[in-house]
Structures are given as structure tokens and as C-alpha cells.
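Participant: One-letter residues, chain by chain:
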Amino acid sequence: MTTVAQAPPSVRAAPRGWAPPRIKMLDVISVIWLVLLLAFAVIPMLWMLSTSLKGQFAALSQPPEWIPSRPTLQQYETLLSPTGTVGPIFLRYFLNSLIVSATTTVLGVLIAIPAAYAFSRFHFPGRDVLFFAVLVRNMFPVVVFLIPLFILMRALHLVNTHWSLILTYMTFGLPLSIWLLKGFYDNIPEELERAARIDGASRFKAFWLIIMPLSSPGIIATAIYAFIGAWNEYVYALTFLNSENLLTLPVGLQHFFTEFATNWPGLMAAAFIMSVPVVVMFMVLQKQFVRALTEGAVKS
Amino acid sequence: MAEVILDNVVKAYGDVLAVDHVSFEIQDGEFIALVGPSGCGKTTTLNMVAGLIELTSGTITIGGKVVNDLDPKDRDIAMVFQNYALYPSKSVADNLAFPLQMRKMPKAEIEKRVTMAAETLGITRLLNRKPRQLSGGQQQRVALGRALVRNPKAFLMDEPLSNLDAMLRVQMRSELKRLHHELATTVIYVTHDQMEAMTMADRIAVMSNGVVQQLGAPDEIYDRPANTFVAGFVGSPAMNFLEGQVVGDDGRVSIRGNGWDLPLNPANSARARASSDGQVIVGARHANLTVLPESASSGVPARIYTVEPTGDLTYVHLWLGKQLVVASAEGRYRASADQPVRMEFDQDRLYLFDAASKAAL
Chain A
1 MTTVAQAPPS
11 VRAAPRGWAP
21 PRIKMLDVIS
31 VIWLVLLLAF
41 AVIPMLWMLS
51 TSLKGQFAAL
61 SQPPEWIPSR
71 PTLQQYETLL
81 SPTGTVGPIF
91 LRYFLNSLIV
101 SATTTVLGVL
111 IAIPAAYAFS
121 RFHFPGRDVL
131 FFAVLVRNMF
141 PVVVFLIPLF
151 ILMRALHLVN
161 THWSLILTYM
171 TFGLPLSIWL
181 LKGFYDNIPE
191 ELERAARIDG
201 ASRFKAFWLI
211 IMPLSSPGII
221 ATAIYAFIGA
231 WNEYVYALTF
241 LNSENLLTLP
251 VGLQHFFTEF
261 ATNWPGLMAA
271 AFIMSVPVVV
281 MFMVLQKQFV
291 RALTEGAVKS
Chain B
1 MAEVILDNVV
11 KAYGDVLAVD
21 HVSFEIQDGE
31 FIALVGPSGC
41 GKTTTLNMVA
51 GLIELTSGTI
61 TIGGKVVNDL
71 DPKDRDIAMV
81 FQNYALYPSK
91 SVADNLAFPL
101 QMRKMPKAEI
111 EKRVTMAAET
121 LGITRLLNRK
131 PRQLSGGQQQ
141 RVALGRALVR
151 NPKAFLMDEP
161 LSNLDAMLRV
171 QMRSELKRLH
181 HELATTVIYV
191 THDQMEAMTM
201 ADRIAVMSNG
211 VVQQLGAPDE
221 IYDRPANTFV
231 AGFVGSPAMN
241 FLEGQVVGDD
251 GRVSIRGNGW
261 DLPLNPANSA
271 RARASSDGQV
281 IVGARHANLT
291 VLPESASSGV
301 PARIYTVEPT
311 GDLTYVHLWL
321 GKQLVVASAE
331 GRYRASADQP
341 VRMEFDQDRL
351 YLFDAASKAA
361 L
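So the sequences go chain by chain: A and B. Residue numbers are given in our numbering: position 9 of the first sequence equals residue 9, and the series is strictly consecutive. Residue numbers are given in our numbering: position 71 of the second sequence equals residue 71, and the series is strictly consecutive.
In short, the hints are calculated from the structure, not lab data. There may be inaccurate statements among the hints.
[Claimed, not checked] Derived coverage of chain A by chain B (criterion: at least 3 residues anywhere in the stretch with Cβ under 8 Å from a Cβ of chain B; other residues may be distant): (1) 190-198; (2) 273-280.
[Said to hold, decoys possible] Distance ranges between label pairs, derived from CB positions: (3) B/G136 with A/N187: 16 to 24 Å; (4) B/Q133 with A/P189: 13 to 21 Å; (5) B/E308 with A/L135: 56 to 64 Å; (6) B/P37 with A/P189: 18 to 26 Å; (7) A/S216 with B/K107: 21 to 29 Å; (8) B/Q101 with A/N187: 24 to 32 Å; (9) B/S236 with A/N138: 54 to 62 Å; (10) A/Q254 with B/K107: 55 to 63 Å; (11) B/L17 with A/I147: 54 to 62 Å; (12) A/Y234 with B/G136: 40 to 48 Å; (13) B/P106 with A/Y234: 54 to 62 Å; (14) B/E220 with A/L135: 52 to 60 Å; (15) A/R137 with B/S236: 54 to 62 Å; (16) A/S216 with B/H181: 42 to 50 Å.
Yeah, the Cβ is synthetic: ideal placement off N, Cα and C, and Gly gets one too.
Kindly generate the complete structure, drawing on both the sequences and the hints.
Facilitator: Printed below as a string of C-alpha cells:
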């Protein structure tokens, strides 16, 4: 017979320390705040989508139709058909935006990677001053540089070319790109490169084979940031470009619809199409983007 | 396999000499330990041999070839780092294969060598894992494996055991020594742990302030330290140092310190008289001090400070005049605090140093 003491069943049945779940005031406030923020961000998008699917008259009806009663893809067809009057122009703008943004991104990343690596790894005279100088650009609103840069571009005979925009966007995007990537390289132990160099790699190969794969999340984040900045920019594109066939989407759209009277569903469809590349990029690369922002910021 | 020669190697950072005219020759297949406190220049010296840091002046020769201006990759050496520096995005197998791939070795040969290295180190079942899935000891083995896959001219090891826990460190110590015995490759091993240096190395270079204080076999370093720094650094607990004045006529010299008086035998008397200004430092290891009862006829009067039993040995801390010294007694020795005793110095194993120059007499 065992004589091990056992707790009476009544005591064991009641889970120890059970209490009704306490709802904390702070949690409630947080949730309400988050819902409000979400609504603030999402409702305009949904409204845009909804309007883009309406007919011209339905778009203006009072009270507004929240959900289109007879949805139509007509606006999208018009915008995306390579024949017709509107389609070719819209697609031209889209292509221009793509050329400018992609070039900005690729060149920006190609410059930011070695710059950030050098700031992180090499000790050279004036390094700290130079790094600070790179960041100083971010302290001024971009509009401040509009006139000086315009004069500069005119002197370089670059006004009314895509290069004027690419150079400008790179100037604006690089400081954060370099800063972000430097944080990444700082967190990669130098011994890895040293080991690789002893194992038979040249300095460049050690960087390429060992350090690059480790910093790819940072590079992706940098690329997204540069791309979005270039893709959405309006003021410089408006100032530097005159020729209709060079315009990028943000400026193009505006011209487009003041000329063809105000076609709200068309404008919304165009805006929606414009947001697609950025949204898709974010959805695909979201994880890397978040990892890059947090890893660059927190020292291990 | 090759000999490594350092000739008047200097590394200066501004006005500071991190490595100050270091010269020594490492024989082919020899295991040499660079040991010293942090900041003594031992790691800087190793990094110069590796080619990771440029020399300010001097020459380094590996296998008969001056390597001063050679890239690390062209020196044919392998290095193990304190934090292992395994490539995080590569599997264990790929980590081991990397140095061979860099040398464009045929695939079949790479596979053969990786398998062999993994078997030698007992990490075969880990080959498909990523470094972050390994324990510290396993990472250590992979780091070693990456060094020994390609038969380099020399292994450079920078505190390879420092990140391991105490038990594993002792185990890896003997494994490393055995491995060196089997491979017979030249090893330069940097450590701050004199125990590692003593147990593993064929010869030890004790460094301080960028200077090699003494280079010699472990026994030589232990028995005949060149100066008080080497004497104090090697051995645990550290050697006792007692400063005193040489007194007495030619025949019977004794040393008088603060509250104690030590008569010397004739041999030691001669050594003591060689001091520059009559001030000497007496060095005695715990094992060469014997604690005697107060009633004993020989020895110097002393008083118990505290007693530390460790099982096989008991450390006895004593007041000798106004200074504390450590002696050891057999494991069951006990005494109470402040108990008066006598302490005998083993005159055959007494170290004497010049108080001014700190050099051995």
C-alpha cells in the first residue's frame, strides 16, 4: 500500500491561481488606436479601388455608392490597352517611371554597398566627418534643393532628361541607404572576412562570398526604400521634365486628367495601377525589410 | 609544413609600439605558445604572421620565403579564431570545403578531405547542419577542421579554447596536443592562459609590453624565469615575491625584509651578492615553502592568515612579517588563524632577482 500523501480531489480539481482574464486598459486603448490607424490607411485605398470600378456617373452619385452596384473594368481596359488614345500615353508614363526608379535603385545600391562597407570597416582620416556629412543632407527638406539642383542640371545639360531625376533621387536616397547598410556591416564580425582571406579568398572575394549573402536583407531593404522614393516623387519630376513623352507617372497622371476633363474612375484606376508595384514589392520582401530595420538598429 | 622566422618585427600605432623588435625562430613542426596578459602584443604578432596586419618594420619568413608583402591567401597558413568565425550561411560541410574550393581543388578530392577531417574530429554527423545549430564545442571542432583540411604550412591559433567552458577546455587541450602530435605541423598558439601554454607547447614565448620576455621550453620557463614578470606569470598560485636587503659579511649572507630575516646557503649567498645595489627580490613558489610547527628548529617565524583545503593540496596563506605569502601543504593539513608557525624555504629552489632591474640573479 502506498502512503504517498495526495491532495483531496476537490483541491486538485480547481486550477490553481485561476482568475478571470483581466483586460488591461492599456491593451484596449492600443487596439482602438491601431484600428483607427488601420482605417486611416486602408479606407482611402478601398475607396480608390471602389471608385475605379464605377461608371462615370455612378462615381458622382449622391449619396455615394460604397460598393459599386454595376462594377466595370472598363477604365482598366482603357488604360492598359496599347492601342487607342489613352492607353499608349499611360503605358509610356508607367514605363518612364519604371526606368527612372529601377535605374535609381540599381545605381543607388551599387554605390551604397561599397560606401557603407568602407565606413564600417576601414579607418581613414576624416571618416567620421564624411559620414556625418552624408547624413546632413537628411536634415533639410528636399524642396530646399529644388532651385540649386535645377541650376546645376541646366549647367550639365541634363534638364528634361531622365538622368536629372535619377541623379537627384540617388542623392536623396543614398544617405539613408548607406546608414542602413553600415549598421548591417557593423554587426557582421570582422573575423569572418579574416577567416575567408586566410582560407584563400582575396579581399573582394571574402566580401562577395561571405559578407554579401549575410547582408542581403539590408540590401533588399535599401533597394525597396530607394525604389519607393523614386516611384512616388512629384515635385522634382514636375520641375525637371517638360516633354510629354518623358513624364513619370505622378506628374503624368495630373497632366493626363486635367486635359481629358476630370474622369474620377479613370484617375482612381490609374492610381491603383501605380500602387501595384510598390505593394507587391512590399508583400514579397516585407520580412527582409523589417529584419533589416531592426537588425541595423540593434547592436548584438 | 615549414619553419617560421620573425626577425626584429615591429608594429607601431603612432608612438606606441604594440610589438617591439620581436625575433624568434619556430622550427618545422614545433608547437609554440605566445602567452601574456591582454595588450601584450601576442595577438598583433600572430596577425602579422597571418598577414592581417602590416608590419611597421622587420621581416617574417615562412618556409624560407619572406612573406611581408604577401596577402593572407598566399601565405598558405590556416587560422582558428577565438569566436570560431564559421561562415553562418554555409553548412558545416561547406565551411570545411571553403578553403579547398578557394584553391580550386577537384570536387572529388574536396569531398575526400572534408570526410577525413570530419572523421578525425568526430563531426561527421554534423556535416549538414548550420553553425548556429551547433554547441560551442562542436563549433570549435568545425573551426579546427576548416584549418586542417588543407595541410597548411602552419596553424595559427588565437585563443581557440577561451570561449569553451572549463571542462571542455581541459578536454580539448589534450585533444589538440594529440592532434599536433599526429599531424606534426608547425603551430603558433596565442593564449593568455599560462596553463594552456605550459601543458601544450614545445616552447613558450612569454610576452609583455610588446617584448618577448623569455623564450624557452616550459620547464626552462618554470625553473629558470628570466625576470620577475615571467616568474610571476607562470605557475599557479603565482610565485611569492619578497623584497629585502642583502646583509652580513662574505661568508654568511642573509636577506632582511620587513619583519623577517632569511639566512642564505653559500650558493645563494654568492648570487645575492651579485645584485647591483644590495636590494634583491626573493621568489619562492608555494611548493617550495614548507610550513613547520612553531617548535621546529629551522625556518623563519610566520603566522597563519588562512588555510584553503582543496582536497589533494592545502594552500596555507601566511604572514611573513608584514607580507602575505602562499605555501602549500599536504591535503589534510589544518591550522587555525593567527596560529604561530615556522616556514622553511627550499634553498635549492630559491629564486633571486635584482630589485632594480627585476632580472634573475
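Participant: Quick one: which hint numbers does this structure break? Sort them smallest to largest.
Facilitator: Of the numbered hints, 2 and 12 do not hold.
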